[in-house]
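Student: This is what each chain is made of:
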Amino acid sequence: MIRTIRALFLGCQLREKLLVVVFLGIAVLLWLSGFSKRASAFWREQHRTTLDLADQAQWIANSGGIEAAAQKAASRLDAARTLDGVRLLEAMQKLAADAGLRPNIGQPSNPPGNGQFAIHTLEFTANLRDPDPAKNWEALTKFYRALQQRSPYIGIEQFTLRPDAANRAQIALQLRVSSVEITKSR
Amino acid sequence: MKLLDTLRAGPPPPKIALLPDALFFTRALPVAAGATPAEATAQVELALEAISPFPLAQLYYGWFWTPGADRAFVFASYRRRFTSEQTAAWRGAEVVLPAFAAVMGAKVEPATTILLASPEGLTAVHWDEGPVPAKVLCHPLTPEATDEDRIRARDELIRAVGGSRIVRDLPTPLTADPALNDREIVIRSGDLVSRLPAATAAALDVRDKDDLHALRRAHRRDVILWRVVVGCAAAVALLGVLEIARLGGLEWQRVRLAKLKAQTPRVEMIQASNALAIRIDDLATKRLLPMEMLTTIMGVNSEILPPGMIFTRVLASTAGGLYTLNIEGQTNNAGQISLYQSALEKLPACEKVDLQPTGTRADLTTFRLTVTFKPDAVKPVSATST
Chain A
4 MIRTIRALFL
14 GCQLREKLLV
24 VVFLGIAVLL
34 WLSGFSKRAS
44 AFWREQHRTT
54 LDLADQAQWI
64 ANSGGIEAAA
74 QKAASRLDAA
84 RTLDGVRLLE
94 AMQKLAADAG
104 LRPNIGQPSN
114 PPGNGQFAIH
124 TLEFTANLRD
134 PDPAKNWEAL
144 TKFYRALQQR
154 SPYIGIEQFT
164 LRPDAANRAQ
174 IALQLRVSSV
184 EITKSR
Chain B
5 MKLLDTLRAG
15 PPPPKIALLP
25 DALFFTRALP
35 VAAGATPAEA
45 TAQVELALEA
55 ISPFPLAQLY
65 YGWFWTPGAD
75 RAFVFASYRR
85 RFTSEQTAAW
95 RGAEVVLPAF
105 AAVMGAKVEP
115 ATTILLASPE
125 GLTAVHWDEG
135 PVPAKVLCHP
145 LTPEATDEDR
155 IRARDELIRA
165 VGGSRIVRDL
175 PTPLTADPAL
185 NDREIVIRSG
195 DLVSRLPAAT
205 AAALDVRDKD
215 DLHALRRAHR
225 RDVILWRVVV
235 GCAAAVALLG
245 VLEIARLGGL
255 EWQRVRLAKL
265 KAQTPRVEMI
275 QASNALAIRI
285 DDLATKRLLP
295 MEMLTTIMGV
305 NSEILPPGMI
315 FTRVLASTAG
325 GLYTLNIEGQ
335 TNNAGQISLY
345 QSALEKLPAC
355 EKVDLQPTGT
365 RADLTTFRLT
375 VTFKPDAVKP
385 VSATST
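First to last, the sequence lines map onto chains A and B.
Numbering of the first sequence is given in my numbering, commencing with residue 4 and proceeding in unit increments.
Numbering of the second sequence is given in my numbering, commencing with residue 5 and proceeding in unit increments.
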């Protein structure tokens, strides 16, 4: 059949042969161009999926180790002394009151846990406005020591201390604290 | 349908123009032993020029020679014996040659004579030995010639060539086989097969040699164009296969994406567990000690902090580094900044001190101080006090 088509082609006029070559060449170039775009998009997508699947496979393979690590970390804590959001709020209010502070405390965040543990975080702000800077400092130190004694059940994540610009004796304390709640022990 | 029928019919035979034998004078000419095709061509043309009453430019001529043969068989005709209508009919022909030349590629026994019959007469092609014929004789016949006349002419021809042990009469007119390749042309009559290799067919072609050269050049160009077409067709086929493969790949990718999506909630749960584990571990084992760090760089009774220097903001966070304290401050004595930096660098608990002035307003110079402590160099107040 090829020989027949060849004979037909060779029997054509030169301009007909050139037209066939040009049209066929353009068609091939257009298809090639479109195909290369589609192929490269497919290649990128499959490569990304391969990486994502490999990443997922690694996480799944390590899930046992991760759970064991979480258990090990939690085993350092006494489940009865861990605090949920409400107890964290109450504890912070009590610590502040004991130190003579009148704080503003935000609502504890309620993050999703893994069914066994949950971490609760809240924002704490206190303005120490006694005219005597020594008293302010003493109250701050008392509160801080009491807070640190609750470690590791209450941990400081962020600590900001800012003297008032107009009155250096007055101090603003901003804290972000968190607590671990062990909801179910194995 | 017509195209399909054409394709089914297979390749057409090459177009061959067979010329009347009687218009050509013929001669066997010696060729030097071991001559190359180019040397044989030169010898043949030189000899033909010597024996012909006309210059070569006024002749239509060709020859038959096979490599190793000690002679060539040449045939030529005065160009004016052909009308312009006759020569116009040659256009598009693969090869133009007298009818007797078409059988010269046949494999024959020594002392064989082949007789070709045509309306114009009878032609005898005689081989004595070797592949190149020794004689070609024509006996013209009128259209009114009877069968007896033809038998008589045949006998005369056989007698004239002499020494024939085998005489073969061609049963049917010469026809070319379909062109299965470019290497040879096959001409057949009954069981007689004449194979003419491309080079031999080119030498047999009687057309003007310059025209033949141009025709061959055009043919080579057309073959190149054909190869481009074949290349494009192959590329189209390859692209088709690749497109099919890509579609298969898309299906495979769809399955993988479904798997990825199905696994995502489980993996997110594991990642959350991991983040929780890290945070629980950090809470249990690592403590941010901002006041202890502040006391270290100020002194218990602010003895390290230069007089007139005050801190306007103190920041420590687990995200910024468990052992890093960021301070913004101001002083009314810019010279104190470098002195304070030197004092901090001398502290054994400090690993790195970065103190940069950030601006000056009136007599106040503001600065930013970042102190990084050595791990475990700062102890909790309760620990140091006990």
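A hint or two may mislead.
To be verified - Below, computed lysine-lysine pairings styled on DSSO-like, alpha-carbon distance capped at 27 Å:
| id | chain 1 | residue 1 | chain 2 | residue 2 |
| --- | --- | --- | --- | --- |
| 1 | A | K145 | B | K6 |
| 2 | B | K139 | B | K6 |
| 3 | B | K378 | B | K350 |
| 4 | A | K20 | B | K350 |
| 5 | A | K145 | B | K290 |
| 6 | A | K97 | B | K290 |
| 7 | B | K350 | A | K75 |
| 8 | B | K290 | B | K263 |
| 9 | A | K40 | B | K350 |
| 10 | B | K19 | A | K20 |
| 11 | B | K383 | A | K97 |
| 12 | B | K213 | B | K19 |
| 13 | B | K6 | B | K111 |
| 14 | A | K20 | B | K213 |
| 15 | B | K378 | B | K290 |
| 16 | A | K40 | B | K356 |
| 17 | B | K290 | B | K213 |
| 18 | B | K265 | B | K290 |
| 19 | A | K138 | B | K383 |
To be verified - Anything over 12 Å on all C-beta distances counts as not near chain B; from chain A, calculated:
| id | residue |
| --- | --- |
| 20 | K20 |
| 21 | A30 |
| 22 | Q49 |
| 23 | A83 |
| 24 | V89 |
| 25 | L92 |
| 26 | A100 |
| 27 | D101 |
| 28 | R105 |
| 29 | I108 |
| 30 | Q110 |
| 31 | L125 |
| 32 | R132 |
| 33 | P134 |
| 34 | Q152 |
| 35 | S182 |
What the hints assert, rightly or not - Example chain A residues on the side facing chain B (calculated, C-beta under 8 Å, incomplete):
| id | residue |
| --- | --- |
| 36 | L33 |
| 37 | F162 |
| 38 | P166 |
Please keep in mind that the hints were generated in silico from the structure rather than gathered at the bench.
For every residue, glycine included, the Cβ atom is placed at its ideal position computed from N, Cα and C.
Student: Of all the hints numbered above, which does this structure not satisfy? Sort the numbers upward.
Tutor: 1, 2, 4, 7, 8, 9, 13, 16, 17, 18, 20, 21, 22, 34, 35, 36
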